[in-house]
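Visitor: Residues per chain are reported as follows:
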Amino acid sequence: METTLHSLYLGFSVALEPHNAWYAFLGCVVGTLVGVLPGVGPLAGISILLPVTFGLNATQAIIMLAGIYYGSQYGGSTTSILMRIPGEASSVMTCIDGYAMAQKGRAGSALCIAAVGSWIGGTFGVLVLTVVAPPLATIALRFGPPEYTALLVLGLIFLAYMSSSSLIRTLLMACLGLLLGMIGIDNMTGHFRYSFDLAELGDGIGIVPVAVGLFGLGEILSTPSADAVKTIISPKLRELLPTRKEWREASMPIGRGTLLGFFIGIIPGSAHIISSFLSYALEKRVSRRPEQFGKGAVAGVAGPETANNAASTGAFVPMLALGIPTSPITAVLIGALMLHGVQVGPTLVNEHPDVFWGFVASMYVGNVMLLALNLPLVSLFVWVLRIPYAYLYPLIIMFCIIGVYETNNSIVDVWIMLIMGILGYALRKFEFDPAPLVLGLVIAPILEQSLRQSLIMSNGNYFIFFNRPIAAGLMLVSAFLLALSGFSFLMKRKDWRDQLAEAEAGEPSA
Amino acid sequence: MTLRADHIAGAFFIAFGLLVIALSGDLPVGSLSFPGAGFMPHVLAVLTISFGIVLVARASESKPFATLSWADAKHAALVVLVTAAAAAVFEWLGFLTTDVLLIFALLVIIERKRLVPAAAYSIGLVVFTYVLFVYVLKTPLETGPLGF
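Just so you know, the sequences run in chain order C and P. Mind the numbering: the first sequence is residues 14 to 523 in this note's numbering, read in order. Mind the numbering: the second sequence is residues 3 to 150 in this note's numbering, read in order.
Careful: at least some of the hints might be erroneous.
[Unchecked claim] As a list, the in silico BS3-like pairs of lysine-lysine whose alpha-carbon atoms are at most 25 Å apart: (1) P:LYS115 with C:LYS442; (2) C:LYS258 with C:LYS442; (3) P:LYS76 with P:LYS65; (4) C:LYS442 with P:LYS65; (5) P:LYS140 with P:LYS76; (6) C:LYS308 with C:LYS442.
No lab work stands behind these hints, which were simulated from the structure alone.
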């Protein structure tokens, strides 16, 4: 514990350096804007702004990019509450009761509860991260290829089980992503795979063009400017304080959202999105007045907003301790650190303590900054929302091109982004969630390499995944989840996705 | 039988899986114990085809294809065309010229904005971004034949 406190002291001394604090602030402001603006999610936002960090050192870069990530979770609530437009996917549930509160003249309270909940969720997440990540990294040093293979398999199965779209759709998206991840030179044999004589494809398809295409350009293609009609409820500063009754109603959902969000955040998948959906369903189920949901229930704002922030912090645990991306966003963050010569994994905490602890401490600072920023500056963010979409999306396209091109100075990446934009548009039409595709793309090379290394280690014997305790444990959990999904599928039983859909539609759950 | 959205989606994934197998012809598959470069792609392609078949088989749960709205398709196609044109000339004309033309084209051709405000917005925005990246953030942007 003493070591942790000493390391945290080092972290704060790094995070509070004027330059680093400035980049945390910048990340928080940009992140809030990314969250506020419909059509620019945190993944596209971080990817687009990746080149901006090229002139910074690794600590500043990760502090700023992470600020964009958790800042976007705060900002996403603003548009949801004031316009009923989710600034980003994890704020969808906030639209329902947040906007209903705004229509009742309680927009300020809803914004305040969302901000305070986000702060509590985010800060709790960082506290647990501080305590858990270093010992977990020590355990992870014992991980070999079989453990990594088992962990990634578990991640994929968890992703399919927890995804908000259907199991088959999620698996198809993951397969598509894994297949895209096969493009490029095979590390084990040197064979070129599907590179069509393009030297740029030798290193494979990068996550940035895929993420920006699917989530940035794809969203723009799906949003004709004529449809982006906005009615904005603008709260006054003096209306921001909730009543005592509202605080009471928010307290338990914030507590539950914090715990739920953090633990879902650790699990692979689009945790910040799933956690807000599950938190809403949980609050509705435990509420004494479930009929209030959809009509301005405080718990319907407090729970999901807290959960998505706690989840976005929770996602940093496997990223920092194991070096494994559990979401497309943490994959981009790992990529950003690698661009700065920092290898993320169990050795990070010992080899780059300034980066690790500086980053952790900056999240404490960033969460306080966001709480201070979001409430007084809500009018400024509302003003940004008044920019007509017709003028806004050309700006986003320009940043998409800059972000994608500058990462590798490759025009092929811009073409890939364009193709992914068209794919993203089509996937939305056919109701596929593109997030598992990006995750599949990221983990494909790691999964394939660790599987083949494991088989070399065991002389081709698959029992290597079952006779090592950690790998066997992870495989057991995977088998249990698969059996659970298979049982629901065969028995045509409703799983949590169907029950949630019914809960949203106001139908009784079977 | 009504053609449904998942019939089309499933057929796409089946075709994609078959295409991957066709393109993987020269990759060594190896064996189950010692997988080669083509092993994972083959496994994934077979899984994609299998899941595609399940999607088609359960297509009755999806919307009829005819009910999908394509009202935004024209807008989307125009945005793609303009962006593709920008990508085609980006390395030749450089950031400043390409992006001024890109934003101007999006505003005038697609959004039907008036010429003068569109031109002012395009030039102002791109110059601001150029200054921000090149001079403030020290991130060089692609230059054109005139050196900017």
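Visitor: Going back to the hint list, which numbers does this structure go against?
Guide: Violated: hints 1, 2, 5 and 6.
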